[in-house]
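Enquirer: Could you build the full structure based on these sequences and the hints that come with them?
Listed below are the residues making up each chain.
Number of protein chains: 4
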Amino acid sequence: MLSRFFSLRRQAVSSSFLAEKLSYVRDASWSYNLVSERGISTAGSERSSGKAFADFSIFKGKAALLMSPVPPTFTKMDSGHQRVDKKGVILLKFIPAIGQRKYDSERKQFFALSATEVGCLISLGPDESCEFFHDPSMKSSLEGQVKKTLTISPLNDGGGYMFNLSVMNAVQKTNERFTLPVTKAEFSVMRTACGFVLPLIMGWDRVIGPHLDRTGHGPPEQSAIKMDPDLEWER
Amino acid sequence: MLSRFFSLRRQAVSSSFLAEKLSYVRDASWSYNLVSERGISTAGSERSSGKAFADFSIFKGKAALLMSPVPPTFTKMDSGHQRVDKKGVILLKFIPAIGQRKYDSERKQFFALSATEVGCLISLGPDESCEFFHDPSMKSSLEGQVKKTLTISPLNDGGGYMFNLSVMNAVQKTNERFTLPVTKAEFSVMRTACGFVLPLIMGWDRVIGPHLDRTGHGPPEQSAIKMDPDLEWER
Amino acid sequence: MLSRFFSLRRQAVSSSFLAEKLSYVRDASWSYNLVSERGISTAGSERSSGKAFADFSIFKGKAALLMSPVPPTFTKMDSGHQRVDKKGVILLKFIPAIGQRKYDSERKQFFALSATEVGCLISLGPDESCEFFHDPSMKSSLEGQVKKTLTISPLNDGGGYMFNLSVMNAVQKTNERFTLPVTKAEFSVMRTACGFVLPLIMGWDRVIGPHLDRTGHGPPEQSAIKMDPDLEWER
Amino acid sequence: MLSRFFSLRRQAVSSSFLAEKLSYVRDASWSYNLVSERGISTAGSERSSGKAFADFSIFKGKAALLMSPVPPTFTKMDSGHQRVDKKGVILLKFIPAIGQRKYDSERKQFFALSATEVGCLISLGPDESCEFFHDPSMKSSLEGQVKKTLTISPLNDGGGYMFNLSVMNAVQKTNERFTLPVTKAEFSVMRTACGFVLPLIMGWDRVIGPHLDRTGHGPPEQSAIKMDPDLEWER
Chain A
953 MLSRFFSLRR QAVSSSFLAE KLSYVRDASW SYNLVSERGI STAGSERSSG
1003 KAFADFSIFK GKAALLMSPV PPTFTKMDSG HQRVDKKGVI LLKFIPAIGQ
1053 RKYDSERKQF FALSATEVGC LISLGPDESC EFFHDPSMKS SLEGQVKKTL
1103 TISPLNDGGG YMFNLSVMNA VQKTNERFTL PVTKAEFSVM RTACGFVLPL
1153 IMGWDRVIGP HLDRTGHGPP EQSAIKMDPD LEWER
Chain B
953 MLSRFFSLRR QAVSSSFLAE KLSYVRDASW SYNLVSERGI STAGSERSSG
1003 KAFADFSIFK GKAALLMSPV PPTFTKMDSG HQRVDKKGVI LLKFIPAIGQ
1053 RKYDSERKQF FALSATEVGC LISLGPDESC EFFHDPSMKS SLEGQVKKTL
1103 TISPLNDGGG YMFNLSVMNA VQKTNERFTL PVTKAEFSVM RTACGFVLPL
1153 IMGWDRVIGP HLDRTGHGPP EQSAIKMDPD LEWER
Chain C
953 MLSRFFSLRR QAVSSSFLAE KLSYVRDASW SYNLVSERGI STAGSERSSG
1003 KAFADFSIFK GKAALLMSPV PPTFTKMDSG HQRVDKKGVI LLKFIPAIGQ
1053 RKYDSERKQF FALSATEVGC LISLGPDESC EFFHDPSMKS SLEGQVKKTL
1103 TISPLNDGGG YMFNLSVMNA VQKTNERFTL PVTKAEFSVM RTACGFVLPL
1153 IMGWDRVIGP HLDRTGHGPP EQSAIKMDPD LEWER
Chain D
953 MLSRFFSLRR QAVSSSFLAE KLSYVRDASW SYNLVSERGI STAGSERSSG
1003 KAFADFSIFK GKAALLMSPV PPTFTKMDSG HQRVDKKGVI LLKFIPAIGQ
1053 RKYDSERKQF FALSATEVGC LISLGPDESC EFFHDPSMKS SLEGQVKKTL
1103 TISPLNDGGG YMFNLSVMNA VQKTNERFTL PVTKAEFSVM RTACGFVLPL
1153 IMGWDRVIGP HLDRTGHGPP EQSAIKMDPD LEWER
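Chains as they are written, first to last, in this note's numbering: chain A, 953 to 1187; chain B, 953 to 1187; chain C, 953 to 1187; chain D, 953 to 1187.
If you are wondering where the hints come from, they were derived from the structure by calculation, not from laboratory data.
Some hints could be false.
Copies of the same chain are indistinguishable here, so a pair counts whether it falls within one copy or spans any two.
[To be verified] Pairs of lysine-lysine, BS3-like flavour, derived with a Cα cap of 27 Å:
hint : residue 1 : residue 2
1    : Lys1038   : Lys1054
2    : Lys1054   : Lys1091
3    : Lys1060   : Lys1099
4    : Lys1099   : Lys1014
Since the model is a prediction, treat every value here as computed from it, not as a measurement.
Expert: Here it is as structure tokens:
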């Protein structure tokens, strides 16, 4: 337990820089927000309806890691119903350090975890590792030019994991590496928060969930009647 | 851990077909949606109020498995209150493969998991198996003609499960079999998503939950006064 | 694993009476609803705003167990804010069997689990037992006349628990006993559903939760400013 | 198991004082509410919109512990979107006992747990300890004058933890200590309730969650299109 004690002391100490770091996070997530705002600049006035940005951010010596969920997108069908168009993800943003508690937002790299990759993350055992490969240009003529590899492997001091991201660019002949130790406590936040959003990035809260108006004999129940076990039985 | 590493490589590779597969899922869930729309075609304009469809889908060599929740249905009582009429389920749809990443939606089979069967699924230990028997014609004159058996048993490589569905039809003299290996990561998604919807298919989010308007001295509190420990104490 | 297999067969078979049982549950919960409606008969027309009843019900040879959550009640303060008046509970209703799949709703007994008792239930290890004592007349002149004892102890076949409720009435010289085996799958439903409602019976979803309107610079944030770490720091 | 049995008996007995204690809690949280209301006295009429207070409270021989969540605060950006300004916390309030079931609310001490500290709390193994250091005057000229140390260490009887808070004031030359045994059942409530609010104090329910209006082709989906894997792919 002593090692754990010390590792927590270290965490406690590092957390004494929290205020300063947070102010930096605001800067970082500000430019981050600008990106996404550009993305939605055509969306009109409804945009001011309280769309929010919130990261879980970890700042370490060599790099920072910002994690945030991305909702799924839905397509409206002629019937007026909707079905998932693009599934949601949990977006990881790695930012390299360029000095003591200074991080270069220009050189950030993204890695988007799918539902199954999130499932792998939150079910990792204490001694287990996992590795994910992404090709941003998949199915395009550029396929294979850029290779991203995320490896999550256990730390020696109980319970934490080392996050390694490598981004190889065959054209630019570059290979960027990000290395970030995640404590057991930080990983527990990831596990809990990812478990909370996993059904939401799958869009299940739209199929069934408190946000549905289910008062009275609503259509959801009507349709459910056709979808319930009878559907199976009637075959 | 090496075996795990490799199994994850395999997963990573297979996930490089994700885009294509998803487009196929859209086709599949499209016809799927049509079914349920027919079911609710009489429900009128409120239908366009954002009813949504979202599956968790797994595509393997011999079959595909699509999983999605089905809300419970409620009956309005003279009092204006509601009680559960039909309990919700988690619907499994098995589709046989008819070629490389081609699946025949016409030959799909459903299996609807009850709350207790979901409880069994999400509490499965690493070495445990479970088996469910359904008779779609239960309590009818056709009872026993069709027998469905779903078996979930552990895979050798750490953490995954094999899903086996057998549908025996004594009249048509057919016995369809679906076999699908589910990785630990995929099962973790099932476990998390099923844990999220379990209270919702039971309808508990209607009895107590954020979607209830609980501002001020609302009736829920009034009724709760009669239902709280005093109810026990006053006996 | 074989024993588990068999126990699941038994469950599967018993589940083939599900339809019949459910129809019975409807009868049971109907009278149940009447009770609670009488309790709220003065609550007026708002009552028709979709208050719902939903049990998790287990029917066994000697008794039935119906479990359902009860929301907390809140008191409005002069400030217009609210604070918890009565904490919510999870209500257990035991009904004795009087024949094959017949249960005598007249002889039901209630046992209301507090948040901490729910915490004990959901954290029970495979070999652990727990025992709760309630005195409905606590702090009244009748204190000690009626003693309720709920004991939950592990079953031999892996993962299930035996629920025992004893209600001793010193005045009527009666001692009613209810004994109910709960399978691992059924207990997993209890654990998951109780975990879902635990924060809600504590009223935490009113302090912080999706149902709060948090758009714009809302008062919740204003007050949070006074309640956040600065409150600690400023001391 | 016997020791556990006895510990639970003790708990059951102590719970027979629940009613009295709760009435006391109401007194305590009343003054507590006054504090926070003063904090928001300028917030205007919207305040009556159902802001609520709810603690999880534990009353022991030497001290009482009240736990409650504090939502994050958001800053509106020119774009109309919002980003987290101050992260939420889980606030611990320690009150010393001054007699049998009497607690001196004037001498209370606060300790605010950050998301990562909550992550540490809920992932504590049965034999693990953790320790947190806070300096309320951090980054001010008074830095180091007051030192708060919260230590959580396992109890000998299975599953509980001892909470120790020490508040050293170098100026007032005082060192207040609070010691509180938390049973396994009580800690299970903490773990479950903290797991429920952790994503909420991070503000993730604002980024993605049922409380978002996601009907139709809403902007959240629009923006998501820019944030989803394509963002990664397009780099």
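Enquirer: All the hints need checking, so say for each whether the structure fits it.
Expert: Tested hints:
In this assembly of identical chains, Lys1038 and Lys1054 lie within 27 Å of each other by CA distance solely across copies; the values are 21 Å between and 35 Å within a copy. With identical chains, the CA atoms of Lys1054 and Lys1091 are at most 27 Å apart between copies only, with a shortest distance of 18 Å across copies and 37 Å within one. In this assembly of identical chains, the alpha carbons of Lys1060 and Lys1099 lie at most 27 Å apart only when taken from the same copy (15 Å versus 37 Å across copies). For the identical chains of this complex, Lys1099 and Lys1014 are intra-copy neighbours only, at 21 Å inside a copy versus 30 Å across copies, given an alpha-carbon limit of 27 Å.
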